[in-house]
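Sequences listed follow chains A and B, in order.
Take the first sequence: its letters are residues 858 to 1502, numbered as in my numbering.
Take the second sequence: its letters are residues 495 to 905, numbered as in my numbering.
Keep in mind that the hints were calculated from the coordinates and are not lab data.
Treat the hints with care, as some may be off.
[Stated by the list, open to error] Per the computed footprint, the stretches of chain A lying under chain B, defined by three or more beta-carbons under 8 Å from a beta-carbon of chain B, are:
1. 928-937
2. 1178-1188
3. 1264-1275
4. 1312-1326
5. 1453-1460
[As the list claims (entries may be wrong)] The list that follows gives simulated cross-link-like pairs (lysine to any residue, SDA-like), each with its CA atoms no further than 25 Å apart:
6. 869(B) to 514(B)
7. 1296(A) to 866(B)
8. 1368(A) to 876(B)
9. 869(B) to 1317(A)
10. 1296(A) to 514(B)
11. 1296(A) to 851(B)
12. 1420(A) to 851(B)
13. 1317(A) to 853(B)
14. 1317(A) to 840(B)
15. 1368(A) to 853(B)
16. 1420(A) to 840(B)
17. 1026(A) to 529(B)
18. 869(B) to 1292(A)
19. 1296(A) to 846(B)
20. 1296(A) to 750(B)
21. 1296(A) to 681(B)
22. 1296(A) to 840(B)
[Unchecked claim] Anything over 12 Å on all C-beta distances counts as not near chain A; from chain B, calculated:
23. 619
24. 628
25. 666
26. 669
27. 676
28. 770
29. 773
30. 795
31. 858
A virtual CB, placed ideally from N, CA and C, is assigned to each residue, including glycine.
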Amino acid sequence: MRLTALLVAALMWLAPLPALAQDAAAIVAENREQIEKPSRQTIGPVIAALAASGDPMADDILTAWEDRRLVIRKSDQAMFIAVTEGDGFALTALDGTAAGSAVAADVTALKPNAGVRGLIATALVQFTLSDPDPTIRADALASIARDPTAEALEPLRASLVSEEDPVLKAQKERLERFLTLRFDADPAARVAAIESLGTDTSLDVRAALNPLVATKRVASLGDPPGNLARTLVPGTDLTTVEAYDILVAASLAPARLTLEDQRAALLANIVDGSVGGIPVAALNTQEARNRAYTALEVAGTVPTAATDDEVTAALAAHSFHEVYVEPDATVTSAATATLAAIDRKVAFMQAADLGLDALSLAAIFFLAAIGLAITFGVMGVINMAHGEFITMGAYTGFVVQLFVPDYTLSILIALPVAFAVTFGAGVAMERLVIRHLYKRPLETLLATFGISIALQQILKNVFGTQARPLTAPGWLDGALEFNDVVSISYIRIAIFVLALIFLMFFLYLMKRTRLGLEVRAVTQNPAMAASMGINPDRINMLTFGLGSGIAGIAGVAIGLYAKVTSEMGADYIVQSFMTVVVGGVGNVWGTLAGATMIGSLQKVIEFLNPSNTLAAQTYMILFIILFIQFRPRGIIALRGRAAGD
Amino acid sequence: MTRRSFFARNPSALIFIACLAVFTLAVTLMSEAYGPGLISTSFVKTLGKTLCLCLVALAMDLIWGYAGILSLGHMAFFALGGYMIGMWLMYARTEEIVVTALAQGGLPATPEEIQQGIATQIFGVVGSSDLPAIWSFAHSLPLQLILALAVPGLLALGFGWLAFRSRVTGVYLSILTQAMTLALALYLFQNDSGLRGNNGLSGLQNLPGLGDTAQDLVSIWFFWASALALGLGYLTLSWLVSGKFGSVVRAIRDDEARVRFLGYPVEVYKLFLFTLTALIAALAGVLYYPQAGIINPAELAPIASIYLAVWVAIGGRGRLYGAVLGAAFVSLLSSLFTSGRLPDIPLGPASLNWVDWWLVILGLSFVAVTLFAPKGIGGLFDRFQHIGAPDRKGAQLGPDDGSLQEQEAQK
């Protein structure tokens, strides 16, 4: 309703203009002198008259004038629109009829200065805004949106009526509101435009509103000048140094003497090895230097500088305020209210976005940790080389992509191949090393660590130290955007889905298959399981291979969004152990809970301190150390015999 | 009952001290400062640093080999000690430079100007010109030395108290200590941590007030100090582990629950050991970093502490000389292989570059030691003395891991 009223008002205001329809050539002839020697101050009405003439030639004339193609033929002083043609120009008379051609020497081009060209360009906006070509209209809109000016408002309103493209019309109406709220002469119209925005969270709405509530700090002796935002108290709202700087900048108080200036003044006034009666050698404290400077001040050799007392007095005498740059209070209060409403909505959106981020980070941690949950959680084997298995998976993906150029196909091939490679590596490691150390868990940690060092260095030697690309298929590019605030990239969604698949796979494997049954039996009591005909060696080998194979697949997934280097796995190993330990050993739901907790925690800390992801990780680890104090067995602790001790 | 003297009961301590003394004397007489210069100054520094690493390996052996607590965070205490002494070294050295520079200006410098100059000089690299609060004591060597022990000591005390009272043991404790050092490293990597972020502290080899003294002399002094610290540390620790205290500690390693039921405050013992070893590590760090000349947060990375475990494991756990041997052997070998001075070995079309492959060799030999020679290098000494573990073959006769086995029982 309000919008319609606004439009009607705008239309009524614009209505008289077409009535002035007049021949463009005649206007030029009338104002010939001004056009030949235009000045920015006086040419305005002429350009406006041309623009408003309604003559289709006005557009051409103005464009030519701006491009310095409006020429005067030397022979008869007639004015033409020139178009470069070979060495000379093709001439068109101002009424649109062709007028032959001329060589460059025969004509003089009008050269309006930059200020005048700016005025012409603004006038031309009206023509581009109603240009028959929709792309030109869209470009014109974009350029106004990029650099909004008060001059663009009227042409924009004028062009609204004739706009037929519904999309462009909507854009124009939106832009018209942005311009109205900033530049309209009538405060009521501005307030109406501001309020019509409602709680639109788009970035451009906020960009349009923010200049209205921009403030500056001022100092004054009496009442605050202008549109007051708030009063500042030196010492609480701003430091006394800042407050005094404002006074100095406004020339309300003399500058304070900086230490450098004092030093220079003292150096300049050394007489016979002393300054102001104090020997130079004694000037090694600030107090002595102040005394020397005061002596110089008394002697009149240096200008008087503000002392601390004077600074205090000056601060007390003035009051400090933050005032809006925008003078109209109704506009600023409307803008503040609308921005506050938008901010509330944005905060809500940000929380949703943070939730999405946290979920996707949790999915990554879960993927990296689920292999560990099997080897560490179920078998109790510490595998420090788990990170290198992740790296191996990622490099497998890289190698597959060298041979299979199609990205979708290569990823589909890479997943099982990575599983096979790391499954093999895991089985080999279990057979050769870990089998001998089941009773010495601390030494498993060390031996697998030795393997981790060796594997990492081998990978570095083979693939080099620079990051290798693992390219995601094209259909995973981009992000799913809900609005300007909430979005999530498709790769993260894919990783999330993959994590879900693994969770289901793991649950199915452990609870519904023969292998899972045997794994659980061997975990709980190897001797009893063996006496029931289960081969514990074989089960241990398969379990370990499975955990390693899942690490390989996780490597492919992580490699899709992170750089593949020989150290990428090592970045995840401590966090993966944390995930398993925090979640609760021996339980996949625990791993899920751990990953969710660590993921959301890290995102929340990053949100609170966005400049510093390192600090976020530090605080997170500290939190985990403390968390272990209160729940040493993790979030989901096994009870009774299943706990193992 | 007459008590035999300490050395009579611990002949290995006497032998160790004698070897260390001979070694120190030999290096001194061959150094550039006091001899013909058979050993270059940089190698004297390497040897001095190695002695410090041996000292921290001793600490690691006490906490891991004797008490069975595999701490993967002791290099954090080592580096913290280094940071604390580095702060004084850097501050005092910069102060000299700043005072000299300001003296050119015509007026004698005020304390504020000196302070400001030092802050700008040290923190310009991280875009700051204020001295953080943690540098408040950096002007004083005694205060900073106290901090060098107090900071790691209190950290170990706090961390250990939290960890041991909630009965975190075994691999959980290892991972927790690893997380601790990782958190500390990540924290120090920030520019606003107040310790120059990843630039770390540098120029530590220049001792304040000794600008005119040649590095030849300084390096040998530090070598002596390191040797002295190592000798004293060895004696203290071998005294500690040879008495009743040592017996309780070993018992905690072998069966913690049983010791607890016998009435010993296991957590207090562990906390004492954890803090003591952290202090020793910090002391080693204080001596190490002036010789290394630079310290940065990478020194606290979890990998550093794991290397420490590698040294002790290769040297032989549960015997102090094993830790020293392992640290010296592996770290010297490591600096030899990574120096790039060894020629490549041609292997057909490819060639074996030692710098590239040394870590592979180290990792694999570490696996081999863990699997086949759990006693490490120290096990060789047992061969000499004909102390061997019983050859345990056959089925176990009892339900527990330590039970006699068939062939043992037949002996």
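How the hints compare with the structure:
1. 928-937: violated (count 0)
2. 1178-1188: Per the Cβ count (0), the hint is violated.
3. 1264-1275: violated (count 0)
4. 1312-1326: holds (count 6)
5. 1453-1460: Coverage by chain B is violated here, the residue count being 0 at a Cβ distance below 8 Å.
6. 869(B) to 514(B): Holds - the C-alpha atoms of residue 514(B) and residue 869(B) are around 23 Å apart, at most 25 Å.
7. 1296(A) to 866(B): Holds, because 15 Å separates the two Cα atoms, which is no more than 25 Å.
8. 1368(A) to 876(B): Outside the cut-off at roughly 50 Å; violated.
9. 869(B) to 1317(A): Answer violated: residue 869(B) to residue 1317(A) is near 31 Å, above 25 Å.
10. 1296(A) to 514(B): violated (37 Å)
11. 1296(A) to 851(B): violated (31 Å)
12. 1420(A) to 851(B): holds (24 Å)
13. 1317(A) to 853(B): holds (11 Å)
14. 1317(A) to 840(B): holds (20 Å)
15. 1368(A) to 853(B): Judged against 25 Å, a Cα distance of about 42 Å means the pair is violated.
16. 1420(A) to 840(B): violated (33 Å)
17. 1026(A) to 529(B): violated (93 Å)
18. 869(B) to 1292(A): OK: residue 869(B) and residue 1292(A) at ~19 Å, within 25 Å.
19. 1296(A) to 846(B): violated (37 Å)
20. 1296(A) to 750(B): Roughly 16 Å between the alpha carbons, so the hint for residue 1296(A) and residue 750(B) holds.
21. 1296(A) to 681(B): violated (36 Å)
22. 1296(A) to 840(B): violated (41 Å)
23. 619: holds (17 Å)
24. 628: holds (16 Å)
25. 666: violated (6 Å)
26. 669: violated (5 Å)
27. 676: About 5 Å separates residue 676(B) from the closest Cβ of chain A, which leaves it inside 12 Å; violated.
28. 770: holds (21 Å)
29. 773: Fine: 21 Å to the nearest Cβ keeps residue 773(B) off the interface.
30. 795: Given that some Cβ of chain A is not farther than 12 Å from that of residue 795(B), nearest at about 10 Å, it is violated.
31. 858: violated (5 Å)
The structure does not agree with the numbered hints 1, 2, 3, 5, 8, 9, 10, 11, 15, 16, 17, 19, 21, 22, 25, 26, 27, 30 and 31 stated previously, though it agrees with the rest.
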